[in-house]
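> As a plain string of letters, each chain reads:
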Amino acid sequence: MKWNRLLPKLHVYGGLLCTGFLIMLGFSGYVHQHHPKFIQHEGRKASWEQRIQSPDIEDRLVFKQAIRDSLGLFGHTPWWKDYKDSTGISHFMISRPGKEYWVTEPLSGDLFLVDEHRTGILNVLNQLHPLGAGMQGHGKGPGFIILWKWVSLALGIIAIMVLCITVYYWYTWSVKKKHWWYYILGAALIPITLYIMIWLVG
Amino acid sequence: MAGRVDFHTIVRKTHLVSSMVLLLFLLMYVFSGVILINRVQFHVPEQVGEQKMIAVTEPMDGAPEVYAKKIARELDLKGRMAYRKDGNENWIFNYNFPGTRVTVTLRQEQDSLQIIAVHQERTFFTTVQQMHVLRGFRGGWPYTVWAIFYDASCLAFVLFAVTGILLWFRTRQKYPYGWIFLVIGISIPLLFSYLFLFWR
Chain A
1 MKWNRLLPKL HVYGGLLCTG FLIMLGFSGY VHQHHPKFIQ HEGRKASWEQ
51 RIQSPDIEDR LVFKQAIRDS LGLFGHTPWW KDYKDSTGIS HFMISRPGKE
101 YWVTEPLSGD LFLVDEHRTG ILNVLNQLHP LGAGMQGHGK GPGFIILWKW
151 VSLALGIIAI MVLCITVYYW YTWSVKKKHW WYYILGAALI PITLYIMIWL
201 VG
Chain B
1 MAGRVDFHTI VRKTHLVSSM VLLLFLLMYV FSGVILINRV QFHVPEQVGE
51 QKMIAVTEPM DGAPEVYAKK IARELDLKGR MAYRKDGNEN WIFNYNFPGT
101 RVTVTLRQEQ DSLQIIAVHQ ERTFFTTVQQ MHVLRGFRGG WPYTVWAIFY
151 DASCLAFVLF AVTGILLWFR TRQKYPYGWI FLVIGISIPL LFSYLFLFWR
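Heads up: the protein sequence lines correspond to chains A and B, in order. The letter at position 190 of the first sequence is residue 190 when you use this note's numbering, and the numbering goes up by one with no holes. The letter at position 116 of the second sequence is residue 116 when you use this note's numbering, and the numbering goes up by one with no holes.
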């Protein structure tokens with residue numbers, strides 16, 4: 001009897017608590033697959049020059065991370081945002097939620113040019129999704145990144161709980177006819193078959 | 001009135017049917033997401049790479065897709081194929097098979113092919129990770145179907161949230177604290193977004 005009163009409350013209140021998180025996941029999942037242009041909002045820009053010791057590192061990724069740390073920035077350095085222009089000068093990007101930086105390396109010397117531009121709220125919402133796993137390899141960021149990781153974990157567990165209660169409700173309320181079981185089995189087989197196919201055949 | 005469509009029934013059915021179709025996909029994404037958040041708890045096998053250069057026997061002349069297939073045939077590569085041109089005008093061809101990633105770079109001069117193969121042992125964690133991030137319509141019909149399910153899952157996340165709010169609103173007398181949970185639920189991602197937006 002107690003469960004009968006508790007489960008609907010857990011389902012409704014838990015679901016409402018996950019609302020914003022679910023919308024954020026749905027939105028960023030869509031962006032992950034389609035790369036829409038509307039999130040590439042170009043906000044306020046700033047530029048500065050900074051004198052830092054250029055590290056003597058062969059590995060390009062480690063080199064860029066060392067430059068990022070020396071500049072006092074955090075974020076990841078996407079490999080596809082890294083090029084040499086026609087004059088032989090290298091440019092690479094450091095990206096973090098809310099801001100993107102283009103770093104121009106000097107041909108000689110230690111004066112680096114940093115072009116910063118702010119991104120819009122949609123861009124940040126999109127980046128919150130992978131940020132749930134923390135900022136491993138992305139440098140020293142602010143403390144609320146760790147907080148977001150724990151909040152994401154809590155909301156993820158609540159979402160699983162809400163889904164499990166949903167399954168229980170199906171079982172008790174909705175799935176009464178035999179053909180519904182075939183329907184569910186068919187729906188379940190699609191992702192399983194797909195993954196086995198991709199896993200084995202590639 | 002005969003034939004009148006009840007809005008509440010539509011919302012309820014949408015909530016139910018979308019959750020049935022996508023249950024396994026959503027469970028997979030939420031479950032694998034929780035695993036990825038806790039990635040430090042799992043053993044991540046090291047990626048072992050090998051690299052070699054070979055001379056180009058026949059330069060690319062035509063569609064890159066045809067050339068990508070030719071490379072795959074000649075080098076006996078399998079898996080999902082993708083290609084792009086980098087900032088230095090080199091053509092990059094990628095072949096992804098679970099556990100193996102091969103990148104073939106055709107230099108701008110079309111004189112040599114650089115082949116980088118990266119192998120990673122298949123474990124529970126790598127399987128979960130690859131399932132979580134698999135995306136894109138290209139690469140054959142299983143990927144296309146997967147991508148359709150992926151999009152449907154994204155839509156379902158939003159649909160669940162919206163239809164869930166509508167269903168709760170109808171019964172809000174029974175769940176009076178719903179407003180508090182809803183406001184907190186909407187505020188959490190917005191609050192963190194603004195923290196990043198205004199962080200120095």
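Incorrect hints may have been included.
[Unchecked claim] Here are the computed lysine to aspartate or glutamate pairs in the EDC-like style, where the Cα-Cα straight-line distance is at most 20 Å:
1) A:Lys140 <-> A:Asp85
2) A:Lys84 <-> B:Asp151
3) A:Lys177 <-> B:Asp86
4) B:Lys85 <-> A:Glu116
5) A:Lys81 <-> B:Asp151
6) B:Lys85 <-> A:Asp69
7) A:Lys84 <-> B:Asp61
8) A:Lys37 <-> B:Glu89
9) B:Lys52 <-> A:Asp85
10) A:Lys84 <-> B:Glu109
11) B:Lys52 <-> A:Asp69
[Claimed, not checked] Covered stretches of chain B (in silico footprint by chain A; criterion: 3 or more residues with CB under 8 Å from a CB of chain A, positions within the stretch not fixed):
12) 42-51
13) 59-73
14) 79-92
15) 106-115
Read the hints as simulated data drawn from the structure, not as lab findings. Glycine is no exception: its CB is placed at the ideal position from the N, C-alpha and C atoms.
> Hints the structure violates: just list their numbers, smallest first.
1, 2, 3, 4, 5, 6, 7, 8, 9, 11, 12, 13, 15
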